[in-house]
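Number of protein chains: 2
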Amino acid sequence: MALLSVLTPLLAAVLCLVAGFVLVKARGTTSTPARKANGASEADFRPWVDQDLQDDTDTVREDEDGDGVDSSEEEDHPHVPYSPTRYPEDTMLEKSREFYTLMNQRRTVRFISPESVPREVIDNVIRAAGTAPSGAHTEPWTFVVVSDPMIKHQIRQIVEKEEEVNYRQRMGDKWINDLAKTNWIKEYLDVAPYLILIFKQTHGILPNNKKRIHYYNEISVSIACGILLAALQNVGLVTVTSTPLNCGPQLRLLLKRPANEKLLLLLPVGYPAPDATVPDIKRKPLGDIMVHM
Amino acid sequence: MALLSVLTPLLAAVLCLVAGFVLVKARGTTSTPARKANGASEADFRPWVDQDLQDDTDTVREDEDGDGVDSSEEEDHPHVPYSPTRYPEDTMLEKSREFYTLMNQRRTVRFISPESVPREVIDNVIRAAGTAPSGAHTEPWTFVVVSDPMIKHQIRQIVEKEEEVNYRQRMGDKWINDLAKTNWIKEYLDVAPYLILIFKQTHGILPNNKKRIHYYNEISVSIACGILLAALQNVGLVTVTSTPLNCGPQLRLLLKRPANEKLLLLLPVGYPAPDATVPDIKRKPLGDIMVHM
Numbered sequence: 001m002a003l004l005s006v007l008t009p010l011l012a013a014v015l016c017l018v019a020g021f022v023l024v025k026a027r028g029t030t031s032t033p034a035r036k037a038n039g040a041s042e043a044d045f046r047p048w049v050d051q052d053l054q055d056d057t058d059t060v061r062e063d064e065d066g067d068g069v070d071s072s073e074e075e076d077h078p079h080v081p082y083s084p085t086r087y088p089e090d091t092m093l094e095k096s097r098e099f100y101t102l103m104n105q106r107r108t109v110r111f112i113s114p115e116s117v118p119r120e121v122i123d124n125v126i127r128a129a130g131t132a133p134s135g136a137h138t139e140p141w142t143f144v145v146v147s148d149p150m151i152k153h154q155i156r157q158i159v160e161k162e163e164e165v166n167y168r169q170r171m172g173d174k175w176i177n178d179l180a181k182t183n184w185i186k187e188y189l190d191v192a193p194y195l196i197l198i199f200k201q202t203h204g205i206l207p208n209n210k211k212r213i214h215y216y217n218e219i220s221v222s223i224a225c226g227i228l229l230a231a232l233q234n235v236g237l238v239t240v241t242s243t244p245l246n247c248g249p250q251l252r253l254l255l256k257r258p259a260n261e262k263l264l265l266l267l268p269v270g271y272p273a274p275d276a277t278v279p280d281i282k283r284k285p286l287g288d289i290m291v292h293m
Numbered sequence: 001m002a003l004l005s006v007l008t009p010l011l012a013a014v015l016c017l018v019a020g021f022v023l024v025k026a027r028g029t030t031s032t033p034a035r036k037a038n039g040a041s042e043a044d045f046r047p048w049v050d051q052d053l054q055d056d057t058d059t060v061r062e063d064e065d066g067d068g069v070d071s072s073e074e075e076d077h078p079h080v081p082y083s084p085t086r087y088p089e090d091t092m093l094e095k096s097r098e099f100y101t102l103m104n105q106r107r108t109v110r111f112i113s114p115e116s117v118p119r120e121v122i123d124n125v126i127r128a129a130g131t132a133p134s135g136a137h138t139e140p141w142t143f144v145v146v147s148d149p150m151i152k153h154q155i156r157q158i159v160e161k162e163e164e165v166n167y168r169q170r171m172g173d174k175w176i177n178d179l180a181k182t183n184w185i186k187e188y189l190d191v192a193p194y195l196i197l198i199f200k201q202t203h204g205i206l207p208n209n210k211k212r213i214h215y216y217n218e219i220s221v222s223i224a225c226g227i228l229l230a231a232l233q234n235v236g237l238v239t240v241t242s243t244p245l246n247c248g249p250q251l252r253l254l255l256k257r258p259a260n261e262k263l264l265l266l267l268p269v270g271y272p273a274p275d276a277t278v279p280d281i282k283r284k285p286l287g288d289i290m291v292h293m
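Residue numbers (UniProt numbering), protein chains in the order written: chain A, 1 to 293; chain B, 1 to 293.
You may find that some hints are simply not true.
Which copy? The list can't say, so a pair holds if one copy fits it or any two copies do.
DMTMM-like, lysine to aspartate or glutamate: derived pairs with alpha carbons at most 25 Å apart [claimed, not checked]: (1) Lys95 - Glu115; (2) Lys95 - Asp288; (3) Lys211 - Asp288; (4) Lys256 - Glu163.
Keep in mind that the hints were calculated from the coordinates and are not lab data.
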C-alpha cells in the first residue's frame with residue numbers, strides 16, 4: 001500500500017501523458033484527411049494542388065482522355081485513319097446557328113402527354129448517348145427504360161415519399177399546405193410513356209474478379225446525358241432533368257441494378273402535353289458565360 | 001502527504017474517466033462523418049439513405065429539376081405556354097437515326113490541325129452548351145476560350161509538368177523511357193487554334209454577399225459539356241475530352257478565374273489533321289447499356 005501510494009502520482013503522470021498523446025494523435029489524423037485521402041506522401045506534397053476533397057477532378061490519380069484510351073490501353077489498340085466530313089466555313093456557320101437555335105428551344109417540361117412514342121426513337125436517343133467519351137473508355141453507364149405502368153407507379157411512390165420528407169425538412173411545417181404540396185407531387189412519373197433512369201457505374205469487375213474503379217464516372221455519365229438531352233430535343237420530345245434526392249438506393253433495388261451502380265438522373269420522356277407551360281425564365285447572354293483570351 | 005496518498009488513486013480514476021470520455025467523444029465524431037455531413041439529425045435518420053459520401057447525388061438537400069426552377073423560384077416566375085415543333089413518327093425515326101449516326105462518328109482526336117476556325121462557330125457551340133439545364137437554374141459554368149499562342153503555351157507547360165509527375169508516380173521510373181514520354185507530351189495544346197477550358201462554379205455570391213451553394217454543379221456543367229461535344233461534332237470539329245489532373249488551381253490562376261470556379265474539362269478544338277488517326281476501339285452495343293422494363 002505504501003509502495004502504491006508512492007507510485008500513484010507517477011501512475012497519474014503516465015496516464016496524463018498517454019491521454020495527451022492519444023489526443024494529439026487523434027487530432028493529427030482528423031486535421032489532414034485531404035492529404036491522406038489523396039494518397040499523397042510527404043515527398044510528393046505539392047502545395048498548389050487543390051486539397052479540397054469536394055473537387056472530384058483533383059483527387060484521383062488517373063487521366064481521362066475522352067473515349068477512354070488511357071495510355072496503357074492505347075498501346076493495345078492499333079491506330080486507324082480518321083477523316084470525318086469537312087464542311088466549308090459558311091456551312092459550318094449555318095450548322096452552328098441551326099444547332100444553337102434547336103437547343104435553345106429546349107425547356108424542362110413537367111406537363112408530359114401520355115401518348116405513346118415509338119420505341120425505336122427511344123433506342124436511338126440512348127444509342128446516341130452511348131457515343132459519349134468516358135474515362136479509360138469504360139462506358140460506365142446503364143440506361144434503364146421503364147414503360148411498365150406498375151413499375152412507373154412504384155417509382156412515383158418512392159420519389160414522392162422522399163420528396164415529401166425533403167420538403168418538410170427544408171420548408172418547415174408552416175410551408176406544408178396545398179400549394180407547397182404540388183412540389184412533391186410528380187404526376188409525370190405515371191403519365192410519361194417512358195421513364196429513363198440513368199445509373200453511373202462507380203466501378204467495374206475485371207475478369208479476375210477484382211474491382212476496377214471507374215475514374216470520372218460522374219462526369220462521363222453526365223456528358224452522355226447531355227448528348228441524350230440533345231438527341232431528345234432533336235426529335236421533339238421533352239423531359240425533366242431530375243435528380244431524385246435520396247431515392248437512389250431504393251430505385252436501384254426496385255430496378256434490380258447491382259451495387260456498383262448509382263442513380264444519377266431520372267428523365268420522364270414523352271411529347272409535351274397540348275397545354276404545357278414553362279416558367280418564364282431567361283438564359284444568361286454569351287458574355288456572361290464566355291471569356292476570350 | 002497522507003491525504004494526497006489517499007486521494008491519488010481517486011485522482012488517477014478521475015483522470016482515467018476523463019481520458020476515456022474524451023477518447024469516446026473523439027471516436028464518435030470521426031466515426032459518423034457521413035451523417036454529420038448530411039446534416040441529418042437523430043430524428044430523421046433513414047437507414048436506406050445512401051451514406052456513401054462519394055455519391056454526390058445523395059448528400060445534398062436541394063432538388064435539381066432542369067432549367068433550375070426549384071420550388072421557391074418557380075413561384076416567382078409566371079408560366080407561359082410551350083409548344084415546340086412536333087414531327088410525324090416517321091420523321092422522328094429518321095431524325096433519331098441521323099443524329100445517332102452523326103454522334104457515332106465522333107472520336108477523341110489528338111491530331112489537331114493548326115488551321116484557323118471561324119470565331120463565330122466557337123461562339124455558337126458555347127451558346128448551345130449554355131442552353132443546358134442546371135440545378136435551380138444557376139447556369140454554373142464559365143467557358144474560357146484561349147486563342148493567344150503565349151497563353152496556350154503556358155497552359156501546355158503547366159499540363160505537361162503535372163502529367164509528367166502523374167506518369168512517374170503511376171508507372172514507376174522503369175516506365176520512363178521515350179515511349180511513355182509521349183503520354184505526357186501534349187502538342188495539341190500549342191497547335192489547336194482554340195483551347196476551351198470549362199470551369200464549374202461551386203457557389204455563387206448573392207446580392208447580400210452571402211454564398212449560394214450551386215448544388216449539382218458538376219452534373220450540370222458536365223451535361224453542358226455533352227451538348228458542347230454534340231455541337232462540335234455537328235460542325236465537323238474535333239477535340240480531346242481531357243481532365244488535366246491537379247492542374248486546376250494553376251490554370252485557374254493563369255486565366256484569372258475567381259476561387260469559386262474549378263476546372264472541369266480542357267478541350268483543344270480544331271479541324272482534325274489531314275493524317276489524323278484514332279485507336280481502333282469499339283463501343284458497347286445497345287443491349288449492354290440499356291435495360292427495358
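Comparing the hints with the structure gives:
{"no.": "1", "hint": "Lys95 - Glu115", "verdict": "between (31 Å within a copy, 19 Å between copies)"}
{"no.": "2", "hint": "Lys95 - Asp288", "verdict": "within (23 Å within a copy, 32 Å between copies)"}
{"no.": "3", "hint": "Lys211 - Asp288", "verdict": "between (43 Å within a copy, 19 Å between copies)"}
{"no.": "4", "hint": "Lys256 - Glu163", "verdict": "within (22 Å within a copy, 40 Å between copies)"}
When each numbered hint is compared with the structure, no violation occurs for any of them.
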